[in-house]
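Undergrad: Listed below are the residues making up each chain.
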Amino acid sequence: MKLVLLAALTPLLLAGQSNHYVGSQVCRTCHPDVWLNFNRNPHFQSIASGDLPPEKTGCEGCHGPGGNHVAAGGGKPTIRAFSQMGPEQVLNACLACHSKDLSRVNIRRSEHTNADVVCTNCHSIHKAATPKFLLAKRQSELCYTCHASIRAQFEMPVKHRVNEGFMQCTDCHNPHGTFSGRKMVTEAFDNEEPCLKCHVDKRGPFVYEHASVRIEGCMACHVPHGSTNAKLLTRPVVFTMCLECHNGAGTFGRDNTGVFLQSASHNMQDPKYQKCTLCHVRIHGSNADPTFLR
Amino acid sequence: MKTLIAVLILPAALMAQDTVAPTADEQTGPARGENVGDYNVVQSWEFGYRYALVGGSQEEYRADVNYHDGIRLLGSSLTVNSRDGHGRWFDEIVLTTQGLGNDPYESAVLRVRKNKLYRYDMLWRQNDYFNPGYAIAGGEHLQDTVYRTQDHEITLLPESAIRFHAGYSRVTQDGPALTTIQEFDNKSPVYPVFQNTRQQFDDYRVGADGTFKGFRFTVQRRWEYFREDSAYNTTQGIDFNRSAPYRGQTPGWMGNLTGEFKWVAINARATYAGGRGDFIQNDSATGLDRFGNMQNQQIVVTGNGDRPVTTGDFSVTLFPVDRFSIVNNTSVANIRMSGNNAFAELSNGTPLFNSTDFQLLTMRLVTNTSTGRYRFSKRLDVFGGFSYSDRLIQSYEFGTSAEQTNHTKAGTAGVNWIAVKNLRLHLEGEIGRNDNPFTPISLRNYHAIRSRAQYRARALTLGARYEEAYNNNSIQITAYSSRARTYSADASFAARSWLSFDTSYSRLHLDTIGGIAFFQGAPFAQLTTGTSVYISNLHAYNLGARFALGKRADLYTGYTLTKDTGPSFPLTYHSPLVRLSFRINEKLRYNLGYQYYGYHEQFGLFSTYENFHANTGYTSLLWSF
Chain G
0 MKLVLLAALT
10 PLLLAGQSNH
20 YVGSQVCRTC
30 HPDVWLNFNR
40 NPHFQSIASG
50 DLPPEKTGCE
60 GCHGPGGNHV
70 AAGGGKPTIR
80 AFSQMGPEQV
90 LNACLACHSK
100 DLSRVNIRRS
110 EHTNADVVCT
120 NCHSIHKAAT
130 PKFLLAKRQS
140 ELCYTCHASI
150 RAQFEMPVKH
160 RVNEGFMQCT
170 DCHNPHGTFS
180 GRKMVTEAFD
190 NEEPCLKCHV
200 DKRGPFVYEH
210 ASVRIEGCMA
220 CHVPHGSTNA
230 KLLTRPVVFT
240 MCLECHNGAG
250 TFGRDNTGVF
260 LQSASHNMQD
270 PKYQKCTLCH
280 VRIHGSNADP
290 TFLR
Chain X
0 MKTLIAVLIL
10 PAALMAQDTV
20 APTADEQTGP
30 ARGENVGDYN
40 VVQSWEFGYR
50 YALVGGSQEE
60 YRADVNYHDG
70 IRLLGSSLTV
80 NSRDGHGRWF
90 DEIVLTTQGL
100 GNDPYESAVL
110 RVRKNKLYRY
120 DMLWRQNDYF
130 NPGYAIAGGE
140 HLQDTVYRTQ
150 DHEITLLPES
160 AIRFHAGYSR
170 VTQDGPALTT
180 IQEFDNKSPV
190 YPVFQNTRQQ
200 FDDYRVGADG
210 TFKGFRFTVQ
220 RRWEYFREDS
230 AYNTTQGIDF
240 NRSAPYRGQT
250 PGWMGNLTGE
260 FKWVAINARA
270 TYAGGRGDFI
280 QNDSATGLDR
290 FGNMQNQQIV
300 VTGNGDRPVT
310 TGDFSVTLFP
320 VDRFSIVNNT
330 SVANIRMSGN
340 NAFAELSNGT
350 PLFNSTDFQL
360 LTMRLVTNTS
370 TGRYRFSKRL
380 DVFGGFSYSD
390 RLIQSYEFGT
400 SAEQTNHTKA
410 GTAGVNWIAV
420 KNLRLHLEGE
430 IGRNDNPFTP
440 ISLRNYHAIR
450 SRAQYRARAL
460 TLGARYEEAY
470 NNNSIQITAY
480 SSRARTYSAD
490 ASFAARSWLS
500 FDTSYSRLHL
510 DTIGGIAFFQ
520 GAPFAQLTTG
530 TSVYISNLHA
540 YNLGARFALG
550 KRADLYTGYT
560 LTKDTGPSFP
570 LTYHSPLVRL
580 SFRINEKLRY
590 NLGYQYYGYH
600 EQFGLFSTYE
610 NFHANTGYTS
620 LLWSF
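In order, the protein sequence lines correspond to chains G and X.
Heads up: the first sequence begins at 0 in numbering that gives the first Met the number 0, then just goes up one per residue.
Heads up: the second sequence begins at 0 in numbering that gives the first Met the number 0, then just goes up one per residue.
Just to be clear, a hint being listed does not mean it is correct.
[As the list claims (entries may be wrong)] Simulated DEER-style distance windows between Cβ atoms:
(1) Gly-549(X) x Lys-126(G): 22 to 32 Å
(2) Ile-474(X) x Ser-262(G): 19 to 29 Å
(3) Arg-378(X) x Pro-52(G): 25 to 35 Å
[What the hints assert, rightly or not] Computed from the model, here is a short list of chain X residues facing chain G with C-beta under 7 Å:
(4) Phe-278
(5) Asn-415
(6) Val-419
For the record, the hints were derived by calculation from the structure and aren't laboratory data.
Computed from a prediction, not measured in an experiment: that's the story for all the values here.
A virtual CB, placed ideally from N, CA and C, is assigned to each residue, including glycine.
Could you build all of it, start to finish, from the sequences and the hints given here?
TA: Written out as structure tokens, the structure reads:
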């Protein structure tokens, strides 16, 4: 009850009083648990630096001047408490220092920001589970907190090895937003399909390009998170996927007359012809064969 | 104090783990570490033995899981921090490793930082994976493909107004990859075979960024080099040799200008990547042709290709009033693939005239997107936007030139609402139209809905999500429809200091129907038309539970189930695991774990079942000092 009363009255008591900076050593008096490992925190360098203005130093660099907070004997209403702030306020507070990096230049138009997912939803400044990036949990677990359906995809038999610890979500995505917009995928070489960062051999150029790869991108045929197909295809069986495009119909394809029909020399009742990429091995593009055989 | 630290750190450290090892997240030893001179050191090392007993399809196991027997450094963690932020050579070292000593997923992550002076990051990874085998592998499928990647990035003067960056990355891949042989004419059967492939990719980059009058300017220069040396030789049946070296290089640059002021923020970027590849493929063969005649043949393809990619982006964000913001973004991308090549064929010593032109393909894409957002209160905001894109595709293929354009218009709208304390709701919808999609499965008439509810209290988090994405690309001659719906729910509950749960369920539904045409029948295949129907109902369940058993032991049990009930291609993949960790003393823990993998497919493609089951486990000592 006393705390409630204190919280209610403090703003009134302090109304009209000017706030001032007290320094992190003062904060340490009442918050030893926070201070305990703070020298391991990247934010500690603002204290170690010794030449930053008080509004960018230590505890008050984020939480604002602590004069009133000290005078009131504590309480969230007298300090900039992130748990009490709205998403936009949190974003603005962190970007006051962290807007410098190129990786965050699109944060204001990112899908996360649109969904009110901001810095403190993922980062835990004082109780970080990872020494780098101060994440609140191990990265994949953190992302799964909201993206349970993505967890389901990474538990498929064939998947990119995120759960195994070999990869991380941020190998392909930038949670702070990207130029490419959708799905926050990071581009290879700043402007190319993200998959090319690792699958460099697919970049080409090739004499014979598989046009859909270049025009529609890798996800025309692949599901990157997980699949029942050994090559992460959109269908468990390759020929069903290929035939959906190669039906010769419509105004599709390079010259608007339909995508090439499957060859008349192939009897599709014969299982060997159902494994298209067993022979068309250079399906992403070939320099030697127009049908991607070698 | 140690109890307090343990209470603070353990819940985070005990978050769900998906693989049975390593267990290095369990806290061991004093969390404060040891003070060594001016530094504070915290480290842990987990050594152990891993085993795997596999039944059923070894190939599928190696493609999907691939753990083997052996001694491992399952995981390690080292942090060294200067106590006052004024270390002589560095202020922070963070090193973590995983799976060293022949696990299929090995990695090492290093950061070294000196305040104000430099920051260095390194990431090394190696993945041994099984290149999914086929019946034709002829024993070569026993080879694993090894994929290695390393990244190095250094930033000088990281906290100053002007910073300098340099980096280097390398990706290598060694192992079998499929190629084909077709000799001595194009009516002959095509034989798929494995060839040994070695690929190497090197990326060098330097850059700088600086601040000037509220703007931050970044410039980066990059050089990428790619080489592939694949070869195939055989003397079985015919005497065949193939050599196909490829050399690629992609120099490029990127410039970015960003600035944020009271009522406006801008962000502009321009990039250029000048991809180029040089190639030779030399096939030579001697042997009997399909009629039993002796033949010799050589085919040489040489050439080079260019693939310049240029992009530009410009976004403006306006904050005319506190409650309202509007973002407009314009992006332009241009990609062009062109080149020269030569084709020479010698058949029984006689030159044959064969030639082909490089198949030109270019694409230019212009996109403009506007999004507005109005915040009624801290608890409620709405947003909406419109996107328009114009794509021009030019092609030259087999002597025919073609050009086409297509346009996409899409609208979005959404709302964020904190309905009651701790309960956040998000709803977003998108609807779009494309007037000339490139493929029969591309987006034409589509819409998407994304929604999420999340309740977050101190010890309890509940979430639910629904998403759908529908696309209809049916036209007069052919039909294509795709409907994807995703439902998911998740919960995390730290019931007691010694007990916590983490669970989720997802259902992913996908049904597609597409018009197809193909040939079938023998001896003369007839054109057949029909529809391809694919229906998948994937149920995924995940459960993790943690128990602190007294003061010395921690138990984790988990279960994942992935079940596609079809009806097109039903299968079940599930994996229970249990892990037990005993604290021997303040610095030492003993761990053991077991994980089962069971894969069972019910569709029996080509009358083969790739089912497997595997019992894997480990035992280890985790030492912190």
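Undergrad: Please go over all the hints and tell whether each is borne out by the structure.
TA: Verification of the supplied hints:
Take Gly-549(X) and Lys-126(G): their Cβ atoms lie about 25 Å apart, and the range 22 to 32 Å holds. A hinted range of 19 to 29 Å for the beta carbons of Ile-474(X) and Ser-262(G) is consistent with their spacing of about 24 Å. Taking 25 to 35 Å as the suggested C-beta distance range, the pair Arg-378(X) and Pro-52(G) conforms, at roughly 34 Å. Interface restraint check for Phe-278(X): the shortest CB-CB distance to chain G comes to about 5 Å, inside 7 Å, so the restraint holds.
Evaluation of the Asn-415(X) hint against chain G yields a held restraint, the C-beta minimum of about 4 Å falling below 7 Å. Here the hint on Val-419(X) is broken, as its CB sits about 15 Å from the closest CB of chain G, past 7 Å.
Hint check: a violation occurs at hint 6 only; the rest are consistent with the structure.
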